[in-house]
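K.L.:
Those protein sequence lines, which keep their order, are chains A and B. Counting in my numbering, the first sequence runs from 1 upward without gaps. Counting in my numbering, the second sequence runs from 1 upward without gaps.
Derived from the structure by calculation, the hints contain no laboratory data. Do not rely on the hints blindly, as some may be mistaken.
[As the list claims (entries may be wrong)] Think about it this way: if two alpha-carbon atoms lie no more than 25 Å apart in a straight line, the pair counts; the simulated SDA-like pairs of lysine to any residue are:
(1) LYS466/B / ARG403/B
(2) LYS449/A / LYS2/B
(3) LYS208/B / THR327/A
(4) LYS106/B / ASP186/A
(5) LYS121/B / PRO321/A
(6) LYS128/B / ASP107/A
(7) LYS128/B / PRO167/B
(8) LYS106/B / GLU425/B
(9) LYS449/A / LYS3/B
(10) LYS128/B / THR324/A
(11) LYS197/B / ASP316/A
(12) LYS7/B / ALA442/A
(13) LYS197/B / THR324/A
(14) LYS3/B / ARG310/A
(15) LYS197/B / GLU153/A
(16) LYS128/B / PRO321/A
(17) LYS466/B / ARG291/B
(18) LYS2/B / PHE339/A
(19) LYS204/B / THR324/A
(20) LYS318/B / GLU232/B
(21) LYS446/A / ASN29/B
(22) LYS2/B / ASP211/A
(23) LYS204/B / GLU153/A
(24) LYS286/B / ILE252/B
(25) LYS331/B / HIS296/B
(26) LYS7/B / ASP252/A
(27) LYS106/B / ASP176/B
(28) LYS3/B / PHE339/A
(29) LYS128/B / ALA338/A
Source: prediction; values computed, not measured.
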Amino acid sequence: MIVYNASTNKMLVDEIVDTHVLVVGSGGAGIRAAIEASRYGDVVLVSKTIAGKGGCTTMAEGGYNAVLRDQDSIDVHREDTLAGGAYLNDPELVDILVHEAPERMDDLIRWGAVFDVTTECQVAQRPFGGQRFPRTCYAGDRTGHEIIMTLLERLDATDTHIYQEVTVIDLLTDENGAVAGVIALDRDGEVVLFRADATVLATGGGTQVYDISTNSAAGTGDGFAMAYRAGAELIDMEMVQFHPTGAVYPYDARGRLVTEAVRGEGGLLMNARRERFMRRYDPERMELSTRDVVARAIATEVLEGRGTARGGVYLDVTHLPAETIETRLPVMLEQFLAFGVDIRREPMEVAPTAHHIMGGLRITAECRTTLPGLFACGEVAGGVHGANRLGGNALAETQVFGKRAGEFAGMSAARSGRIDEARVHDIFKMLDGFYDGVVKPADVRKDLKLTMWNQAGIFRNAADLRTALMQVRRLSDRRLYAASSDNLAECCIVRNMCTTASLIIRCAMLRPESRGAHMRLDAEVATEPAKSPFGHTYISLTRDGIERREVAA
Amino acid sequence: MKKIRIKVSRFNPAVDAEPHLEEYTVEVNEGARVLHALHAVHDDHDPTLAYRYCCGAGQCGTCAVRVNGEPVLACMEEARDGMTVEPLVLPVLKDLVIDMEPVIAKIARICPRPDAELPPKEVIEEIKPLRDCIECLCCVSACPALLVTEFAGPTVLRQEMRLALDPRDSGDRITDAIKKGLFYCTTCKRCVEVCPKDIDTPGKAIEKLRELANRRGLTLPRHQEVARLVQETGRSVERTKVTFLEQVPEVIEPDGPVRGEVGFFVGCMFNGRVPQTALDAMEVMKRNGIRVIIPHEQVCCGSPLIRTGQTSFVDDLKERNIEAFTSRGIKTVMTICAGCGATLKNDYETPFVVKDVTEVLTDYGIEPPARLDIRATYHDPCHLLRGQGIREQPRELLRQTVREFVEMPAQCCGAGGGVRSGVPEEAMALGAMRGEAVRATGADVVVTVCPFCEFHIADCTDVPVKNLTTILLEGYRKKDAEQEPSG
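Generate the whole structure from the sequences, applying the supplied hints.
P.N.:
Below, the structure is given as structure tokens:
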């Protein structure tokens, strides 16, 4: 293994770490994977942030879907998930999700999670959009935080070695194309190389590529981009969920998530004329329709001039008892108070915000990607949610598939290949190049986010998508500048954002229909989702396209 | 967009011996938070600025910094012109980035029993207020006990109580909590003040853990002595001289017309240790037309027992005290001890209103005293400032009574929470810091409204320490002397 450059006699790699299983990412899926994998051998978890603080799990507010009551059924959860996903979901993955979500909930409870409970000592559940039974388990409106704290405690009981604030910048493959490790930068920009028998990618989502996003600053799509560069195949990357309710004020807090639990607890959506406009879009389910429908309804109200001066609509809970708001929605109450709005007395203003990427790495039931040695779980994986995710299914996904990824990665055989040294050299060349760059990463990021929001957002058409792709390609070609070694990771991340953005646009161009979250204004024919002739879009270094499927007439 | 000027602490350990402040003028949007001002520094001025952030929504606890000295979440605190942004008071890795890991490593993790099951609703509800912690470490940065002891930090003790409440946990949390410094907390509530989630660690964790420790016989011997004394005598201090209650009638009528009426809760310190101060307070009330009713059967409020977790007979004390005032139809009870006041307000459910003497005097308005020719500073008693939210009233009174009033940054004196008796070396170390702060003000006298603070600070400085009512009385005496015909 090369650790120094013979021509300059300079150390290239400051540290090499060998492990059986390497987990990249410290959100709900990554930590769950590490916990499971630790039963099989050495585990290293690499986290771009302080472990547990960076992912979107800790920000998830509303809940975790699991069938826990006799009146509910696995079949109904499956059917809700498929219908919500516009039948683009991988049915096998959905089966696994709905069957195993209750078991993984049991794990969390055994490990000390403090979910709300009923007086009958059952985990409490609330209604969420697109579901026929209130099956969303919660801990107030800090459900994800509760899960992360529980998982961190459990992780602490394993021998997992955590690398905090170490940013993985690329996957490394061996001569057979199998993933054999990763290359990363520590806090000071020093290079660390990890070699592993199996690598679990749990890097989460990437809606930070949009100007308005609920994601944590860490949600930059690194996993999609790194896996794509390493040769993995991704599916349905055009499927970006716009959460209907993001904050609109103040400007810098725009997009901040206003949990679906607000509507679950009875919150009403009204336009500037104080009309409950959901009557026109989904009179049966109203506010608790699926997210794609509600987001488009809000966007339409605003576009057609019925929005507020700040470009949103009202979300009102003032009719609920103050105590309900204080106990069920304390985070919402606190956040809005910080911005001068008392939601017990006045309505919130909300508008859609980029929230979740349903697409991602193509995985099997064992969380294997198309690359040997690489597993994926959580938001970076695709297929579970189809064209639209139900609220509450993402937290369940992190646990169900996190456990599976950890388990099957743990059972992997020892690696035999050697890491491709030429690739490592290329990465060093790229890093060195950043010192000679000319453009601030912050400028590229800003431009990219606006491009994605304006041309590849809620409503799409071919012309806009083409414009967006051209612009993203231009941005990808800009020579990013690193002022010091501390800034290398930032350059790599902006590069990943550009890649992820282009994957979204290219897949959006591949799907000619409107389906779930993907709304093509120029779609020629409207089909019923269940009868759509199209399957997944797919994209990799070597091929891209859209699957066709047989549908019963 | 608007322009603001901010100062940011910069420190690169590879180059700098110590941190220094850099000033930047940045453009931010209306309503921007501190975090966005830092982004502006990073994006437009210096990309090497090191600072942490993640969720941007107050939920991950990554971005805590000090703004003008106060720990806050950068993503939630509004950016203001002229602000100074510094790292938390923890080892700095670079600029605003502190080393969080050693503290986080001290936070205990649950050890689930093999047969762990979902706890019942009432247990869950009890745990929840302790579960909101996002481990931002604001409390650790602000806690005074950490400055002078090996105290592990408020959130670390919070977690011990969270685990102690959970039937799924198999750990010995009381032993752990004691090792982590359970008895070091002065219950000053500074941690509550800075907590973005308003977690009441002293009330809901520290005092409760001390209660659990008490049930296992692990209360500090000095604290046990106090409890024995209260049980035997109804008072937390021994009778060494004629007490206040032995010197006063049940009703003290004012000199002039009656403008108001209060019941008076004297408290053990003023009754037994410094009765003269309480007598001074009575003179001030007389002078200002306020009738004072003093039930003689009142006893210790229970504060020294609640703070140290010895609560077995506190309910009896509460009943006796409440009965003493309600049986006389008293609507307002006045305290002159910050600790008693905070206890009556926060730990009792009283059918009457409780007011600190400074509230009573500012509510009614006082006869202006003559100004004393002194430079005075004021020490905020924790149980007045944070326990009762009283900041302005004592200052307002003091400004009327002295030539010059100088501020002193608020910090716990170290006497509270049973620390002066239980961990005297900690109390002395914190007291010494107060002594330094007093010296820095150049004041002739330190004024306060709490007998514990008064006693303790007096031990730690050469500058005289006086109760505010004594200062007021001195002002009246001076006024009278000036008005007497000379010769």
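K.L.:
Could you run down the list of hints and mark each one as holding or not?
P.N.:
The hints, checked one at a time:
no.: 1; hint: LYS466/B / ARG403/B; verdict: holds, 16 Å
no.: 2; hint: LYS449/A / LYS2/B; verdict: holds, 22 Å
no.: 3; hint: LYS208/B / THR327/A; verdict: holds, 23 Å
no.: 4; hint: LYS106/B / ASP186/A; verdict: holds, 23 Å
no.: 5; hint: LYS121/B / PRO321/A; verdict: holds, 21 Å
no.: 6; hint: LYS128/B / ASP107/A; verdict: holds, 19 Å
no.: 7; hint: LYS128/B / PRO167/B; verdict: holds, 14 Å
no.: 8; hint: LYS106/B / GLU425/B; verdict: holds, 24 Å
no.: 9; hint: LYS449/A / LYS3/B; verdict: holds, 24 Å
no.: 10; hint: LYS128/B / THR324/A; verdict: holds, 15 Å
no.: 11; hint: LYS197/B / ASP316/A; verdict: holds, 24 Å
no.: 12; hint: LYS7/B / ALA442/A; verdict: holds, 22 Å
no.: 13; hint: LYS197/B / THR324/A; verdict: holds, 18 Å
no.: 14; hint: LYS3/B / ARG310/A; verdict: holds, 22 Å
no.: 15; hint: LYS197/B / GLU153/A; verdict: holds, 21 Å
no.: 16; hint: LYS128/B / PRO321/A; verdict: holds, 20 Å
no.: 17; hint: LYS466/B / ARG291/B; verdict: holds, 24 Å
no.: 18; hint: LYS2/B / PHE339/A; verdict: holds, 18 Å
no.: 19; hint: LYS204/B / THR324/A; verdict: holds, 22 Å
no.: 20; hint: LYS318/B / GLU232/B; verdict: holds, 16 Å
no.: 21; hint: LYS446/A / ASN29/B; verdict: holds, 15 Å
no.: 22; hint: LYS2/B / ASP211/A; verdict: holds, 21 Å
no.: 23; hint: LYS204/B / GLU153/A; verdict: holds, 22 Å
no.: 24; hint: LYS286/B / ILE252/B; verdict: holds, 7 Å
no.: 25; hint: LYS331/B / HIS296/B; verdict: holds, 17 Å
no.: 26; hint: LYS7/B / ASP252/A; verdict: holds, 21 Å
no.: 27; hint: LYS106/B / ASP176/B; verdict: holds, 11 Å
no.: 28; hint: LYS3/B / PHE339/A; verdict: holds, 20 Å
no.: 29; hint: LYS128/B / ALA338/A; verdict: holds, 22 Å
Checked against the numbered hints given earlier, the structure satisfies every one of them.
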